[in-house]
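Put together the whole structure using the sequences plus the hints.
Protein chains: 2
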Amino acid sequence: MLNNILIVGCGLIGSSILRGSISKKISKNIYVFEKSKRNISFVKKINKKIKFLNDLDHQVSNMDLIVLSTHMSQYKNIIKKLQRYISSRNIVTDTGSTKRNIEKLIGKNKRLKEIFVLSHPIAGSEMSGPKFGNKNLFKDKWCIILKSKNKSSKKLKIIEKFWKKLGSKTIFMNSVDHDKIFSITSHLPHLIAYNLVKTAIDFQKKNKKNIIKYSAGGLRDFSRTAASNEIMWRDIFFENKDNIIDSINIFIKNLNNFKRLIKKESNKSILNILKDSKKVRRQIIELKQDVSKPNFGRDIF
Amino acid sequence: MLNNILIVGCGLIGSSILRGSISKKISKNIYVFEKSKRNISFVKKINKKIKFLNDLDHQVSNMDLIVLSTHMSQYKNIIKKLQRYISSRNIVTDTGSTKRNIEKLIGKNKRLKEIFVLSHPIAGSEMSGPKFGNKNLFKDKWCIILKSKNKSSKKLKIIEKFWKKLGSKTIFMNSVDHDKIFSITSHLPHLIAYNLVKTAIDFQKKNKKNIIKYSAGGLRDFSRTAASNEIMWRDIFFENKDNIIDSINIFIKNLNNFKRLIKKESNKSILNILKDSKKVRRQIIELKQDVSKPNFGRDIF
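So the protein sequences, as listed, match chains A and B.
Using the working numbering, the first residue of the first sequence is number 843, and each one after it goes up by one.
Using the working numbering, the first residue of the second sequence is number 843, and each one after it goes up by one.
Treat the hints with care, since some could be wrong.
Identical copies go unnamed one by one, so any copy, or any two together, can satisfy a pair.
[Claimed, not checked] Below, computed lysine-lysine pairings styled on BS3-like, alpha-carbon distance capped at 30 Å:
1. K1022 <-> K922
2. K1050 <-> K1101
3. K996 <-> K946
4. K1135 <-> K1121
5. K866 <-> K1117
6. K1006 <-> K870
7. K997 <-> K1051
8. K1095 <-> K955
9. K866 <-> K1121
10. K1050 <-> K1083
Honestly, the hints are just simulated from the structure, not real lab data.
Predicted, not measured: the structure shown is a model, and the values here were computed from it.
Below, the structure written as C-alpha cells:
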C-alpha cells in the first residue's frame, strides 16, 4: 500500500482511477488536483476522505505516485510546475493516448526521465466527466506501460502493480510502436467516425432532408465513437499527426481501390475483403475485446 | 387476418418476419420457401404449423402476401418464377436494402408493377441465419415503403398494416430518395467499416505486429459492422454503386480536408467538426435510434 497518491485531473479517467484506488486500497491517502469546480463538487461526494490540493505546490514532493489524467494539452504546464518539487523518490505516470509527444516534453532532463513512467490504459467511453467514472473501468482492459532503456525496473514494477490492482492486463511497449499501433486501432477509427458524421451533416444540409432518423442502419454506431470528448481528440490528432496522416493515406488508398472494385463489379475481390473482416471480428471476440452478443446486446427483445 | 402468407428466404430477416407473423397472428397459414436444408431444419423447430413449398409453383397464386427476404441477387430468378403464377389478387413485398434496382427488375411490366409494393425494414444485425431471428426485430424500427404514382392505395395500406403489426414505424418514400439517403446512413458506414478493418489487417501483415488485441480503443466497434453478411453487402454495393461512389467521394474530400487541418493544427476548425458530431449523437438518442448508455451499455460494472 502506498502512503500518498495524487490524481491530477478528475474527469472520466481520473475519477475511475480514484474510485478504483479507494476500492482496492491502493493508498493510505488520496489527493486530487482538479481545476473545475463542478468536477470537485462531484468528486467530493464519492468519498469524504479525499484531500484536494489547491495548487501543484511543495506538497507534491510527498506523493509516492502522481497520476496525470488531464487532457494532454495541459501536460506542459503541469510538468513545469511538478518539476520544481519532485525528486527521484516520486513516480509520475499518466494516461494520455499518445506517448512520443510526452517523451519529448520530458526531453533530455535526466531527473524527469527517471521519475516518469508513462502509461496508457485502453479504456474509456464517449461520456466525459467524473459522473461517468467507474472503479471497474480498467478491469480486464489492456494498459500499455512505456519502457525505455534506462528506466528503473523498480519504478516500472510499481506502475505495473498499480494498473494490475485496478484490474488491467499490462504490457510493455516503446513509444514509437505505441503511437503507430494506436494510430490504426484507435485514432483512425475516431477520425473516420467524426468525418462520417460530418459527411451525413453535409448531406443533410445540401439535400434539406432529415436523414439522422434513419441512422439505425450503420451511422448510429459511428455516432457513438464521434461523441467522444473533443479536447481529448484534438490533442491526440495534433500530437500523433505524422502517424495519423500515414494511416489516413493508407485508408484512402483502400477506399479508392474498393471504389474501383465496385465500379467494375469484381465479385471475387469484393467478397474476399468482406469475408476477411469477419475473421477479425472473431479474433476480437476470442481475445475478449468485445461482447459476442449480436448488436452489442443493444436490442432487448 | 390474411389467409396465406409466403416468406421467400428464411434467414435472419425472413425468420424474424416468420416469428413476428406467428406471434401477431398475421395470417392463418404461413408458407416458407427456402433453399438451404440447414435453414429449413432450423425453421421447422420454430413452429410445427409452418408449411414448406418445394418450388415457387402454382401454389403462389393463392398467397395474399409474398415477402421476399432472400439476397437481392436472387430476386431476378424469383421474379421470373413468380411471374408465371401471380395476378393482381396477390401482393409481393420485399426487404432489400436498395430499391431502384428492384424497380428496374420489375421494369415496365404493368402487371408486376401493380402487384409489387417494395419495402425496406431498417433492422438487422451482424449475425446471419434463422437462429438469430427474433419476432421483435422490427419493433420501433423504421420501415420504408416505396410509393410510386400508380400504386394502388389498397395494396399500400395492406403493406403498411403488415409492417405496423410487426411493430415498425412506417414511412413512404420514392426509390431515388431512398437509395441516396441510405447510401449515406447505411451503405457508406458499412463500406468504411470493411475498409478500416482491411487497413488494420494490412498494417498487421506489413509490420508483423498483432494489433487486433488492442482494438478496444475504437476498432472493435467497426469490426461489428464489418462482420455483416458478405453476400448481402456485395449486392448492396453493386446495386447502389452510383450513389455509393458519390458518397465515397464526398467522404474522401472530408478526410483530405481534415488531414490538412491537423497538419496545420487548425484548432478552431477541428474543434468545430468534433463538437458538431456530438450534436448528431444527441439527436440520434432523442430520436430513439440508439441506446443512451455509455459504450452501448456493453461494460457491465
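A quick look at each hint next to the structure:
1. For the homomeric pair K1022 and K922, the shortest alpha-carbon distance inside one copy (27 Å) is at most 30 Å, but the shortest distance between copies (53 Å) is not.
2. Within a single copy, K1050 and K1101 get their C-alpha atoms as close as 26 Å, and across copies as close as 27 Å, so both meet the 30 Å cut-off.
3. When the C-alpha separation of K996 and K946 is checked against a cutoff of 30 Å, the pair qualifies only within one copy, where the shortest distance is 23 Å, while the shortest distance between copies is 71 Å.
4. Both within a single protomer and between protomers do K1135 and K1121 lie at most 30 Å apart by alpha-carbon distance, with minima of 16 Å and 28 Å respectively.
5. Taking the shortest Cα distances, K866 and K1117 never come within 30 Å of each other, neither inside one copy (44 Å) nor across copies (36 Å).
6. In this homomeric assembly, K1006 and K870 come within 30 Å of each other (Cα to Cα) only inside a single copy, at 18 Å, whereas the closest approach across copies is 60 Å.
7. In this assembly of identical chains, K997 and K1051 lie within 30 Å of each other by CA distance solely across copies; the values are 27 Å between and 57 Å within a copy.
8. Taking CA atoms no more than 30 Å apart as the test, K1095 paired with K955 passes in neither setting, with 39 Å inside one copy and 42 Å between copies.
9. For the identical chains of this complex, K866 and K1121 are neighbours neither inside a copy (37 Å) nor across copies (37 Å), given an alpha-carbon limit of 30 Å.
10. Taking CA atoms no more than 30 Å apart as the test, K1050 paired with K1083 passes between copies only; the shortest distance there is 22 Å, against 34 Å inside one copy.
Hints 5, 8, 9 from the earlier list are contradicted by this structure; the remaining hints agree with it.
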